[in-house]
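Participant: So the chains spell out like this:
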Amino acid sequence: MKYILLLILGLSGLVFAEDAEIREEVMSVKEAVLELNRDLYELERELLSPATTRAAFHLTLNHGEFFEPLAVEVSVDGTLELQHLYTERQVKALRMGAVQPLGDLNLAPGKHDVTVIIRGVDHLGQGRELTLTEIVTKTGKPLITELLIVDREELQSARLELKYW
Amino acid sequence: MRKLLLLLLLPACVWAADPQQSPLSEDDLDFDLEALGVADNAEERLLRGNFYFSYLTGEYYRTLYYLERWQELVGADEAPETEAAVMRAAVFLSLGLEDQAEAVFYKVFEQGGNASGDAWYFLAQRLFSAGYYDRAELAARNALKAAPGVSASYLQELLYLLVSSISEQDRVDEARDALKGMLDKNIWTGYARYNLILAMIRENYRSRDLEAVVNESAYYLPDDEEGRALRDRTLLIAGVAAMEREKHKMANRYFRDISLESVFTPPALLHYGWNLLAEWRYEDAIQPWRILQQMYDEYNPSVVESYLAVPHTLELVDAVNQSVLAYERIEERLSVMVDELKAVNQKDSLGDWLDEWRNANRSQDWGWQRQRLSDLPESQISRFAQGLLDDEDFVRELAVLHDLDRMRDDLNKAFRDLGLWAEILEERQRHLAELGGEALLDKLEERQMDVLRKILAVQDRLLDEDETVFSYASVADKARIDRLRNVVPSVTQLQKVGTPTRDLSIYKERWRRVRGLQLWEIYKHQPQRKWDTERDHMILRSETDRLFRQLENTRTSLSWADSSWRGFPQQVGAMQRRIANADAGIARLQDNQEELLNQLARDYLTGMDERLTLYLAQSRLALARLYDDSLQRETSEFDPEQQKTAEGTPKGTGNVDEETGTEAEVQYQDGTTVETGEQAE
Chain A
1 MKYILLLILG LSGLVFAEDA EIREEVMSVK EAVLELNRDL YELERELLSP ATTRAAFHLT
61 LNHGEFFEPL AVEVSVDGTL ELQHLYTERQ VKALRMGAVQ PLGDLNLAPG KHDVTVIIRG
121 VDHLGQGREL TLTEIVTKTG KPLITELLIV DREELQSARL ELKYW
Chain B
1 MRKLLLLLLL PACVWAADPQ QSPLSEDDLD FDLEALGVAD NAEERLLRGN FYFSYLTGEY
61 YRTLYYLERW QELVGADEAP ETEAAVMRAA VFLSLGLEDQ AEAVFYKVFE QGGNASGDAW
121 YFLAQRLFSA GYYDRAELAA RNALKAAPGV SASYLQELLY LLVSSISEQD RVDEARDALK
181 GMLDKNIWTG YARYNLILAM IRENYRSRDL EAVVNESAYY LPDDEEGRAL RDRTLLIAGV
241 AAMEREKHKM ANRYFRDISL ESVFTPPALL HYGWNLLAEW RYEDAIQPWR ILQQMYDEYN
301 PSVVESYLAV PHTLELVDAV NQSVLAYERI EERLSVMVDE LKAVNQKDSL GDWLDEWRNA
361 NRSQDWGWQR QRLSDLPESQ ISRFAQGLLD DEDFVRELAV LHDLDRMRDD LNKAFRDLGL
421 WAEILEERQR HLAELGGEAL LDKLEERQMD VLRKILAVQD RLLDEDETVF SYASVADKAR
481 IDRLRNVVPS VTQLQKVGTP TRDLSIYKER WRRVRGLQLW EIYKHQPQRK WDTERDHMIL
541 RSETDRLFRQ LENTRTSLSW ADSSWRGFPQ QVGAMQRRIA NADAGIARLQ DNQEELLNQL
601 ARDYLTGMDE RLTLYLAQSR LALARLYDDS LQRETSEFDP EQQKTAEGTP KGTGNVDEET
661 GTEAEVQYQD GTTVETGEQA E
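Which chain is which? The protein sequence lines are A and B, in order.
Sequential numbering of the first sequence, starting at 1, is according to this note's numbering.
Sequential numbering of the second sequence, starting at 1, is according to this note's numbering.
It should be emphasised that the hints constitute simulated quantities derived from the structure, not laboratory data.
All residues carry an ideal CB built from backbone N, CA and C; glycine is no exception.
Careful: at least some of the hints might be erroneous.
Said to hold, decoys possible - Below, a sample of chain A positions facing chain B; criterion: calculated Cβ distance under 7 Å:
(1) Val-26
(2) Val-29
(3) Val-33
(4) Leu-40
(5) His-58
(6) Gln-90
(7) Ala-93
(8) Ala-98
(9) Pro-101
(10) Ala-108
(11) Pro-109
(12) Gly-110
(13) Glu-129
Unchecked claim - Over 12 Å on every C-beta distance to chain A, these chain B residues come out as not near it, computed from the model:
(14) Glu-225
(15) Ala-479
(16) Tyr-523
Chain B extracted, bound-state conformation (with noise of 0.2 Å):
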């Protein structure tokens, strides 16, 4: 039954632990990417800037974009080119494009070459989410030796990687050896312990061993969330593999130092109750149960399984009503869960179970970001189907199935995107016919030509200026010098037509005296009047220079915006056709991938059923029997010969073998059976 047990339990603990990524601290300073010995210009390292930003931010097309851009600009140089293939593994492993990274991988390493330490470690942490574990191996230890080095930041969990690499292929002593450089008190190391411990109980290995890095695995993880969740699922492992190994006493210790409050509570609550039995601690063992019938809900497989442990268990201490009345209590309960399980296992209902899962991610983005989906709605068929929901491969088919749904939205709004395009292309186009950008720049030149002559002109002016006497006169002091000539005339008549008595003189010195302010007004403003006009014919001549720098570049734009436009629309053309090939084959996988998904919530409905049908059965089997025994314990009161044969029969609560008339053994929700009646002691 032990073995059942652990058996039962390893699977869902076979995968590694594979905690979240860190959030990033200060220490992320010291990655320098300027370190990587690559002699880049501008160009070259601002691509490869970009190339990490829009990895580092999950921008993965991006990301490949920049790579083969910054590729082309850098050609044959061999450092690059490493780094480069080592991030574009990480890239598809990312996406989920194992086998193309797995090909990436092997050049590399058949190539060789330098790449940093980061992204190496960038390559096994992906390596490892994907499964491979020996590359992640190798990925972790050329981090480890890669110049630049990882960050320090990354370096815990790069140890992380390495000590999981190495027990994931079950070298528990390399493993040992290499988690012993990590900090004792991180969380990564927590986690290395953790599937150390399991490498260790796979491998079989030395108890005594085994129990010292429990117990350090449990000393030293931090007292947080995480770390108490990861110290229960440690406990968890630890207490199936002491019972495994018969060591009661440590596996009720491990039980019994498990949290009631952690997703492992339920599994823990059992095993600590099936443990207490093999101790022959019958009525301890049913205190466990009870505790995960009271606190769990009815329909998770431990607390069904628990369901018939607990009769099985008055049984065995003699406490026939007790357990008949159990019995017929589970009995009650099961039909009513056999009949909703048949109600819901239909096809229309599990395609709405699925569809309402699907809504639900539709912000979600595809390849790595996939792992932040949702978990499957809460429903009658979520309740049934919890065991499959922990299933790795269903949960797999799932985001594949989310995957699948997100590249068809991403096509569909590319392919209406690219309709938008075409329609501002011929949009453009057909304006830019109508502008008839050549005539205008045409006419707008002649304008220019016209301004320039006037401006010429200005000039002309500008140099005769300096020649008159008035130069720079504003035009009040013209119309004075005016009427200052214009007196002239009447002064000389004024002489003509005089008398002796008649003295002009004063006149005459008056209009000397007035021309002379005159002429020292107009000269004293002179220098700053031409100044200003000078340096106003300047700006102007600039002014009319870049206007004719800005006609230029007009028509030379209106030249590239026609060669521009040439040629896209057949482009945006071919773009639409292939979206709409690639959609036709996605639309037949998202179908396929859909009824696999309905098929696989069928199956394992339909098994539960059969398994709460037997355990229905064998729930009624047992009330039968034990009315039997007590029909048959009455009459022998009276008969002497039935009274010996009653006494023979076993007691348990599984199905009689028919050809020994004694106990077969009750099997249970999650796979496992359990021997009844004396044989389980």
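Bound-form chain A, shown alone (with noise of 0.2 Å):
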């Protein structure tokens, strides 16, 4: 009877070891694809964008109390260039302060013409659009851009604009 015990808690053990083994190894597989995968990225984002010619652009949401933003279209020189479509979940998370890396373009240097739509809605249900035109500067270092809607509390309404660096 002793023996069948040991048996059995050394077949036991042995199966522990086992799945410990297949868990480390299911584990560092998932930690090199994820190696992968963030490698890709860097890459492609080189492929698509290498830094000399690279405008990033990003979104921010000062709030968010008068206007919810659910489209954006960033137009530069007059080419349609970014478009995105807001989630429920992608708003929430720039309530909460987070930055929406919106793109990356190639430019030239030299000033561009930037047109950026926004359409949402404001605080009470109703649809809204705001718009900016601006000339952007881009050198030969990686361009930094930043579109900020603000709340204008005294106005019960939002504005946006941009920074660049």
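Two chains, two frames, some hints: make the complex.
Facilitator: Structure representation (structure tokens):
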């Protein structure tokens, strides 16, 4: 009886060891795939927009009490370059202070006309549109831009600003 | 018997109630990244915001990418480092990388430092889901005392995590103290109370206290679908616990209060019947089992168990004929079920069953998203394997298989994408070479210089124009001036050959008048014409300057383009090799996992087969015994000696112990054994 018990214990120990090994192997594969995906994302970003021509567009929502974005369009020099439709989850993330990476564009050095149209609803549920046209200058360094939706409490509305570095 | 029943139920209730995350609300506005106290520059701020955005929207590859970029940018600054480490641990846990998360988690605690309440909250949430209750408790406590604190909308969930983490560690008094900080009517409080009740049951806590928490929980839960389901779940475990403590009346009250519309109804009806049986209320005990059999699928484990419970009870009330009929029906039904089970318990059919589920979940991501995986397809196998589908280990292994499937899909897609990138790179390099960019630019530059020279000539002309009498005269003006000039020789000729009677003064006067008018006309338009010409000239100059800059930029772009593509084909090739290696590794694991799941399902169905066969044997044995009893009773009417023997034969449905001649136990589908005959009473 004692030997049978020992055998059972030994076998169960073997099974646990095998389970742990498989689990560890799956974990390490997951980690490898994760790293691979991260590197792929970086490589694709470099391929799509090299640092010298890159213009990165971001969108932030300052409180967002008087405006909720539904869609955004960014045109550069009259050509529609970026557009995005928002999910509820993304709007909530923006409201929590997160910054949306809208996308990267390739721009030649020099001045460019940037036109942004953001469609959404105000705090009363009415459709609203925020528009902005500005000239930005691209140098040899990557251009970083931030589209900022700011509440104007005194007017119970919002306005759109563009900052770039 | 009751102890065994409780043991049967408890594993199903052992895992903590971990409801889906509630939707965020407007209160989330007070989550303020700026309040972290980190003096970021714009790029740091945007990167940190990108990192949170990708985390909050569930894009974890990007989350890690932004996190790495952010850390590179901020360097060794302590505060963001801790914040990043906490969030990295949360991301790892979200992706099911518990070991990596654990390493990060310990590092954070060893080093100390500050992180926001929300970062700790995210970590606590993931740690609790992964079953690291002690660490979840620490993270929840950190979230509560962090500055900036946790968002208002997360507070109740955070307190739930704290109470539940403490409850899971069986520290009931502390959990009850922590529970006091929660809002009574919030659903999270309901889940926290549920986990507290489980801990109280495990710790064999005082009945009065347990009853108070159960009543409180049932009273405050919201009257919606989620609240009602949680109420049923709470009452079920409370009822079973009361059964275990032989408080049958209380148990009856709990079981009666459970609705007939939730997933907890079948076990509740089954246990209600057993509880009534324990009170010797045999006829009443049959009612819940009848309802159970009418309302639920015959393959449900509770229903199968109730099949044998009914005739057993009938036998206890001496309804022998009804008992025999019931046993016969069960024997017939179980025979069919055993045959069906043997037919489906094959490697190929189980493989198809798994494949159908894998295909149904193709659109789901891996990692955290796997919580949304669908149920296994409705089929005969699923009906038999209902218990297996509730088994945490099996579900976890299924999730691993799904993760491996999706990872392979991801890798294959990435491999294809990289192939396309390699083609594009080749195409662009060829195009660049064919373009002859340098030569083309030289030509364009020459043309631009020609244009510039012409513009300079125009500029010279404009300078000269100011010096002329008829400056900025139009073409028509010039034509008229020419005509006037042509008239002068004619008048002079007429004067030479003229007679005394010919008076030329009129012509001269007219010529002078016309000349004056013409000059007036020219001088009148001269300022406007001069202005227009100079403006056009300036526009032309700026246009040529712009062209020149454009040419220079194009030259720069050309040199960048050439340098930008260098090294990329090699990088793409290296990445493709990495993908191929990873894919081979995952394919091997995938095969192993498939085999493991198939084996688990086969083992379960084989166990089920054995159990059903045992039920079948027991029902046949009971039938044989009942017929035998009947026969002996008939014969004993004629033989006084045999009559005495027949009176000594015990009743029951179980196996007859060969040595003692008394009944043994009936073993039911889910491992429960029930004492039969007089002993059960």
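Participant: Less than 7 Å between beta-carbons is the criterion; does A:Val-29 satisfy it with respect to chain B?
Facilitator: holds (6 Å)
Participant: With a cut-off of 7 Å on the beta carbons, see whether A:Leu-40 makes it to chain B.
Facilitator: holds (5 Å)
Participant: Please verify that hint: A:Ala-108, Cβ, nearest Cβ of chain B, below 7 Å or not.
Facilitator: At about 5 Å, which falls below the 7 Å cut-off, the nearest Cβ of chain B leaves the hint on A:Ala-108 intact, so it holds.
Participant: A cut-off of 12 Å on Cβ-Cβ distance, and B:Ala-479 was said to be off the interface with chain A. Does that hold?
Facilitator: Holds, since 43 Å exceeds 12 Å.
Participant: Any CB of chain B closer than 7 Å to the CB of A:Pro-101?
Facilitator: With a minimum Cβ separation of about 5 Å from chain B (threshold 7 Å), the hint on A:Pro-101 holds.
Participant: Interface hint check: A:Val-33, Cβ to nearest Cβ on chain B, cutoff 7 Å. Holds or violated?
Facilitator: Constraint on A:Val-33 satisfied, holds at 5 Å.
Participant: When the nearest CB of chain B is found for A:Gly-110, is that gap smaller than 7 Å?
Facilitator: Hint holds; A:Gly-110 Cβ to chain B Cβ min 6 Å, cut 7 Å.
Participant: Would you say B:Tyr-523 is clear of chain A, with no C-beta pair closer than or equal to 12 Å?
Facilitator: The claim stands: B:Tyr-523 keeps its Cβ more than 12 Å from every Cβ of chain A (closest is about 41 Å).
Participant: Hey, does the A:Val-26 contact hint survive, CB to chain B under 7 Å?
Facilitator: holds (6 Å)
Participant: Quick one, is the A:Ala-98 hint okay against chain B at 7 Å, beta carbons?
Facilitator: For A:Ala-98, the interface hint holds, since the closest Cβ of chain B sits about 4 Å away, which is under 7 Å.
Participant: Have a go at the A:His-58 hint: is there a Cβ in chain B nearer than 7 Å to its own Cβ?
Facilitator: With a closest approach of 5 Å, the A:His-58 hint holds.
Participant: May I ask you to test the interface hint for A:Ala-93 with respect to chain B, counting a Cβ-Cβ separation under 7 Å as satisfied?
Facilitator: holds (4 Å)
When each numbered hint is compared with the structure, a violation occurs for hint 13 only.
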